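So the protein lines, in turn, are chains A and B. Here the working numbering is used: the first residue of the first sequence is 25, the next is one more, and so on. Here the working numbering is used: the first residue of the second sequence is 1120, the next is one more, and so on.
Since the hints were made in silico from the structure, they are not lab data. There's no promise every hint is true.
A few chain B positions that, by computed beta-carbon distances, are all more than 10 Å from chain A [to be verified]:
| id | residue |
| --- | --- |
| 1 | Pro1140 |
| 2 | Arg1207 |
| 3 | Ala1210 |
| 4 | Asp1237 |
| 5 | Lys1244 |
| 6 | His1274 |
| 7 | Thr1279 |
| 8 | Ala1280 |
| 9 | Val1298 |
| 10 | Gly1332 |
| 11 | Pro1349 |
Taking lysine-lysine pairs in the DSS-like style, the calculated list, with each CA pair at most 27 Å apart, reads [what the hints assert, rightly or not]:
| id | chain 1 | residue 1 | chain 2 | residue 2 |
| --- | --- | --- | --- | --- |
| 12 | A | Lys495 | A | Lys318 |
| 13 | A | Lys40 | A | Lys55 |
| 14 | B | Lys1167 | B | Lys1244 |
| 15 | A | Lys495 | A | Lys227 |
| 16 | B | Lys1286 | A | Lys460 |
| 17 | B | Lys1167 | A | Lys40 |
| 18 | A | Lys55 | B | Lys1167 |
| 19 | A | Lys393 | A | Lys227 |
| 20 | A | Lys318 | A | Lys525 |
| 21 | B | Lys1291 | A | Lys493 |
| 22 | A | Lys42 | B | Lys1244 |
| 23 | A | Lys487 | B | Lys1244 |
| 24 | A | Lys318 | A | Lys296 |
| 25 | A | Lys203 | A | Lys493 |
The calculated label-pair distances, taken between Cβ atoms and stated as ranges, are [stated by the list, open to error]:
| id | chain 1 | residue 1 | chain 2 | residue 2 | range |
| --- | --- | --- | --- | --- | --- |
| 26 | B | Gln1251 | A | Asn311 | 17 to 23 Å |
| 27 | A | Phe314 | B | Leu1180 | 36 to 42 Å |
| 28 | B | Leu1180 | A | Pro99 | 24 to 30 Å |
| 29 | A | Pro99 | B | Gln1171 | 15 to 21 Å |
| 30 | B | Asp1144 | A | Glu181 | 58 to 64 Å |
| 31 | B | Gln1171 | A | Ala197 | 43 to 49 Å |
| 32 | A | Cys595 | B | Arg1223 | 41 to 47 Å |
| 33 | B | Val1339 | A | Arg105 | 31 to 37 Å |
| 34 | B | Glu1282 | A | Lys487 | 48 to 54 Å |
| 35 | A | Asn311 | B | Thr1174 | 57 to 63 Å |
Source: prediction; values computed, not measured. All residues carry an ideal CB built from backbone N, CA and C; glycine is no exception.
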Amino acid sequence: MSLFDRNKPLFGSFGKPKDGLHHLGPLQQIKPPQRVFRDDEEIDYLIVGVGSAGGVLLQRLARAGFKVAGFEAGPFWDTERDWVSDETGSHNLYWNDLRITGGTDPLALGNNNSGKGVGGGSVHWAAFTPRFHPSDFEVYTQDGVGADWPITYEEIEPYYQLLEQELPVAGPAWYPWGKPHGHPYGPHPMGGVGDTLIDGCTKLGIGVSAGGPVAILSASRGDRPHCIYRGFCIQACKVGAKASTLVTHVPDALEHGAEVRDNSMVSRISVKDGRVDGVHYFDRDGNERFQRAKAVIVSGYAIETPRLLLNSACAGHENGLANSSGTLGKYLMAQAGNVILGRFDQPVRMYKAPPAHALTEEFYETDPKRDFARGFAVQTVGPLPIAFAKQMSVAKNQWGWGLRRTMMDYNHWSALGLLGEILPWKDNTVELADGKGGRPEARDRYGLPVAKVTFNLHDNDTKLIEFGKNKTMEIMRAAGATEVVQEARYAHLVGGARMSKRPEDGVCDKFGRTWDVPNLFVMDGSVMPTQGSANPGLTIQALAARTADYLISQGSAVFTANGRDLTSPPCRHSLSPPGTFTKGIPHLR
Amino acid sequence: MAPQKVQTKRLPVTDPLDGAPIQLDQPGYYEGFSTLSQQAYWDDATRKVVLQRMTAAHPILFFTPAEAATMAAVLDRILPQEDRTAARRIALLPPLDDRLFHNRIEGYRYEDMPSDQDAYRQAAKAFEQMAQTACGRSFHELETMEQETLLQSLHAEKPTAPEDAWKGINIKRFWALLVSDCCSAYYAHPWAWDEIGFGGPAYPRGYMRLEEGQPEPWEVDEQRYQWAAPADTLTDTPASEQTGEKVQSQAGQGGTH
Chain A
25 MSLFDRNKPL
35 FGSFGKPKDG
45 LHHLGPLQQI
55 KPPQRVFRDD
65 EEIDYLIVGV
75 GSAGGVLLQR
85 LARAGFKVAG
95 FEAGPFWDTE
105 RDWVSDETGS
115 HNLYWNDLRI
125 TGGTDPLALG
135 NNNSGKGVGG
145 GSVHWAAFTP
155 RFHPSDFEVY
165 TQDGVGADWP
175 ITYEEIEPYY
185 QLLEQELPVA
195 GPAWYPWGKP
205 HGHPYGPHPM
215 GGVGDTLIDG
225 CTKLGIGVSA
235 GGPVAILSAS
245 RGDRPHCIYR
255 GFCIQACKVG
265 AKASTLVTHV
275 PDALEHGAEV
285 RDNSMVSRIS
295 VKDGRVDGVH
305 YFDRDGNERF
315 QRAKAVIVSG
325 YAIETPRLLL
335 NSACAGHENG
345 LANSSGTLGK
355 YLMAQAGNVI
365 LGRFDQPVRM
375 YKAPPAHALT
385 EEFYETDPKR
395 DFARGFAVQT
405 VGPLPIAFAK
415 QMSVAKNQWG
425 WGLRRTMMDY
435 NHWSALGLLG
445 EILPWKDNTV
455 ELADGKGGRP
465 EARDRYGLPV
475 AKVTFNLHDN
485 DTKLIEFGKN
495 KTMEIMRAAG
505 ATEVVQEARY
515 AHLVGGARMS
525 KRPEDGVCDK
535 FGRTWDVPNL
545 FVMDGSVMPT
555 QGSANPGLTI
565 QALAARTADY
575 LISQGSAVFT
585 ANGRDLTSPP
595 CRHSLSPPGT
605 FTKGIPHLR
Chain B
1120 MAPQKVQTKR
1130 LPVTDPLDGA
1140 PIQLDQPGYY
1150 EGFSTLSQQA
1160 YWDDATRKVV
1170 LQRMTAAHPI
1180 LFFTPAEAAT
1190 MAAVLDRILP
1200 QEDRTAARRI
1210 ALLPPLDDRL
1220 FHNRIEGYRY
1230 EDMPSDQDAY
1240 RQAAKAFEQM
1250 AQTACGRSFH
1260 ELETMEQETL
1270 LQSLHAEKPT
1280 APEDAWKGIN
1290 IKRFWALLVS
1300 DCCSAYYAHP
1310 WAWDEIGFGG
1320 PAYPRGYMRL
1330 EEGQPEPWEV
1340 DEQRYQWAAP
1350 ADTLTDTPAS
1360 EQTGEKVQSQ
1370 AGQGGTH
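Model the full structure from these sequences, guided by the hints.
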């Protein structure tokens, strides 16, 4: 289909979705997925969770010729039929099933950080895609806190470059922080909130990256239109301009013979003679079934991944599968995500433009002049009315006429987000709400114990948040805000099944292969030993692409041998979805 | 429809000529702005969701009639709408009732809280007990000020007697849940979008005027006027300003980045 059809509005679909076609954005239309493996057919790789990591793994492994299936607890979205430009109408994008949250600083879950459905969190992320800094991979060595990664920045760098092309990422040609780099697509125009950040930072002499880095198209590519600046990024991008694995990688996976088994909830991983032989799952009708597989990759994100492994405890793995180290479900991290809101005399209309479109990483690294380790970023956010009303009810402690009055000024407010690094702590955990050991008991509709999440801030975190919050408020005031308030909150979730150099320190090795079960892998945000103050999405996808290269290099050894080869694979440039890395950046197929 | 004069002192807008309180079809500073007038430019799925929200009948299924009477009165104080003409008020209780009846939760529950359903049942009972203890009448029969006073005590986490009415509930978290549910109902409605000047659904058309608060051609520039909350209300000033104390609010719930 040509983008330049004179008879139809450019890029747009004002009509009804077409029968018999599955829509991934207004232009990308596929036949509904066809391939279905039989339960007793032994597939090569069974991936649990088709989100940021699962989508990339599925695509890579299918292209390499493996028999691969992605099991997804949520639906396979049709973007024209299922997604809306509406806050309340987007409720189903999130993991809304019950979890118990506690600790001294309990995390809000659901729409705050948890996706459900094909594409996972990449469906509702704001799509900021900063890389981690080289220092992130050796936090313990540099600062004596947190942990070191079993890999260096140099090992993941080629995958950053690859994914920045595949998504692709729009941003400035020169990005000065971490290891300086550029971006393949041009930066986005500024919205009102971006102007706030630029004005404030400029007055204070702080550098700003304007117009990215975000995985949102600033120009159309192939069958994905460019951004229309409607501001509903975290309600899922109906436009298809924002990258999600649903639109970037899953279509290519299907093209190469992968199966996506949606509405299928994996309940337990089966182990026989020390090796995984398949998974038990509930299908879309609620029937419990068993799918055979030669290897399993768990990509359920920082809560569901530990939960599934804990729920898979069996003889020889009494404390949970792949938990001989005792670190499974430990070192859970969220980033400080305080929202700083400022009122301006002139209107801002912050609902226009993507919430994510400018940031500063000037305060990212440890500064010996401060009394805490590590740092933070300051980013644009653009809460829509319901989110803003909830924020103001907390930030200004308002209700009644006061809240109505504040809301009538919605268009005068701008919002900046702190993104602060919280260190990995052993007492920040995902456990089972199984009623044992003093834990509460709660079960989901399948009768499985739900996750019990515990989160406590520690001294370094508290100091960092206080400093970062005040710095962001200073930026907001410098931009000209006459009233500045803030709401404390947290963003993102990583850790819980971390990778490590030694088996006693983590759940998996640097490729995500669990230390205890040779054909069981973990690959998603939960493998991260630390989190920096960069949004985790790009790094999750880069790690997944690297693990895919590793699995391809290992060939059938993974399915038969118990040995562990930690040789790094070559970075393959031949596996990208069509029209991305290998062919430059064409605008039309 | 012309503004309607009403017999009360408790309205934010008064007639500039005679000072009489008036109700408006559309409060806020964007007179003439209508998101619904743009629905031809919305996609099919969004139009369906928004219009259904406005028209669907919502029988009250979760709350008992007595609980519903109490909770409706509570919600009317959390987000008061007396400044709106009767035909243009946004129903708050039905969406909440529907959510609880169909168990549409936000994906988690605090370990020091019962389920949303149990919390609201207990709260409806507790509000009624507070009203009976303080005034000897049902909550929904109280004067507006009396209702505000009772709610203010809960907001300050020092609910009036009886003491054990809120046992087992973390009041700070319940308050956040209550206000959050009201915001979800009110600001999901196109009339509320018109009130605050929010452009509403924007696919597939999008926005083209991104900076300096400029309106699209179909949006309306702000036209401010004197808006004063009812003089006697307790709810127009944040508690922190009233008491001079720094209020430690709880962490937010929603996702923004």
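Hints, one by one, checked against the model:
Remark: the non-interface label on Pro1140 (chain B) is consistent with the geometry, its nearest Cβ contact in chain A lying 13 Å away (cut-off 10 Å). For Arg1207 (chain B), the shortest C-beta to C-beta distance to chain A comes to about 14 Å, beyond the 10 Å cut-off, and the non-interface label holds. Here Ala1210 (chain B) stays apart from chain A, with its beta-carbon at least about 14 Å from theirs, past the 10 Å limit. Distance check for Asp1237 (chain B) against chain A: the nearest CB is about 13 Å away, which clears 10 Å, and the non-interface claim stands.
With a least CB separation of 21 Å from chain A, Lys1244 (chain B) remains clear of the 10 Å interface cut-off, as annotated. The Cβ of His1274 (chain B) sits about 7 Å from the closest Cβ of chain A, inside the 10 Å cut-off, so the non-interface label is violated. With 10 Å as the threshold on Cβ separation, the claim that Thr1279 (chain B) sits away from chain A holds: the shortest Cβ distance comes to roughly 17 Å. For Ala1280 (chain B), the non-interface assignment is confirmed: its Cβ lies about 22 Å from the closest Cβ of chain A, beyond the 10 Å cut-off.
Not every CB of chain A is more than 10 Å from the CB of Val1298 (chain B) (nearest about 5 Å), against its label as outside the interface. Its closest Cβ contact with chain A, about 3 Å, brings Gly1332 (chain B) to no more than 10 Å, contrary to its assignment away from the interface. A beta-carbon of chain A is positioned within 10 Å of the beta-carbon of Pro1349 (chain B); the least distance is around 7 Å. For a cut-off of 27 Å, the pair hint linking Lys495 (chain A) to Lys318 (chain A) is broken: about 51 Å separates their Cα positions.
Annotation: proposed proximity of Lys40 (chain A) to Lys55 (chain A) holds, straight-line Cα distance about 17 Å (limit 27 Å). Restraint check for Lys1167 (chain B) and Lys1244 (chain B): not satisfied, since their Cα atoms lie roughly 36 Å apart, outside the 27 Å limit. Our distance criterion of 27 Å between C-alpha atoms is met by Lys495 (chain A) and Lys227 (chain A), whose separation comes to about 13 Å. With a CA separation close to 25 Å, the supplied pair Lys1286 (chain B) and Lys460 (chain A) stays within the 27 Å bound.
Taking the CA atoms of Lys1167 (chain B) and Lys40 (chain A), the gap is near 11 Å; set against the 27 Å cutoff, the hint holds. For the suggested pair Lys55 (chain A) and Lys1167 (chain B), the alpha carbons sit about 25 Å apart, so the restraint of at most 27 Å is met. Of the supplied pair hints, the one linking Lys393 (chain A) and Lys227 (chain A) holds, its CA atoms being roughly 22 Å apart against a limit of 27 Å. Proposed proximity of Lys318 (chain A) and Lys525 (chain A) is supported: the alpha carbons are some 25 Å apart, at most 27 Å.
With a CA separation close to 23 Å, the supplied pair Lys1291 (chain B) and Lys493 (chain A) stays within the 27 Å bound. Taking the CA atoms of Lys42 (chain A) and Lys1244 (chain B), the gap is about 51 Å. The hint is violated against a cut of 27 Å. Annotation: proposed proximity of Lys487 (chain A) to Lys1244 (chain B) is violated, straight-line Cα distance about 42 Å (limit 27 Å). Of the pairs offered as hints, the one joining Lys318 (chain A) and Lys296 (chain A) holds, with about 11 Å between alpha carbons and a cut-off of 27 Å not exceeded.
Taken as a hint, the Lys203 (chain A) and Lys493 (chain A) pair is honoured in the structure, with Cα atoms around 26 Å apart against an allowance of 27 Å. Taken as a hint, the range 17 to 23 Å is violated for the pair Gln1251 (chain B) and Asn311 (chain A), whose Cβ atoms sit roughly 51 Å apart. At about 39 Å, the beta-carbon gap between Phe314 (chain A) and Leu1180 (chain B) stays in the expected band of 36 to 42 Å. Take Leu1180 (chain B) and Pro99 (chain A): their Cβ atoms lie about 26 Å apart, and the range 24 to 30 Å holds.
At about 20 Å, the beta-carbon gap between Pro99 (chain A) and Gln1171 (chain B) stays in the expected band of 15 to 21 Å. The beta-carbon spacing between Asp1144 (chain B) and Glu181 (chain A), approximately 59 Å, falls within the hinted interval of 58 to 64 Å. In this structure the supplied range 43 to 49 Å holds for Gln1171 (chain B) paired with Ala197 (chain A), their Cβ-Cβ distance being about 46 Å. In this structure, Cys595 (chain A) and Arg1223 (chain B) meet the distance hint of 41 to 47 Å, their C-beta atoms being roughly 44 Å apart.
At about 32 Å, the beta-carbon gap between Val1339 (chain B) and Arg105 (chain A) stays in the expected band of 31 to 37 Å. Distance hint check for Glu1282 (chain B) and Lys487 (chain A): the Cβ-Cβ separation is about 38 Å, which falls outside the suggested range of 48 to 54 Å. Against the hinted window of 57 to 63 Å, the Cβ-Cβ separation of Asn311 (chain A) and Thr1174 (chain B) comes to about 37 Å, which falls outside the hint.
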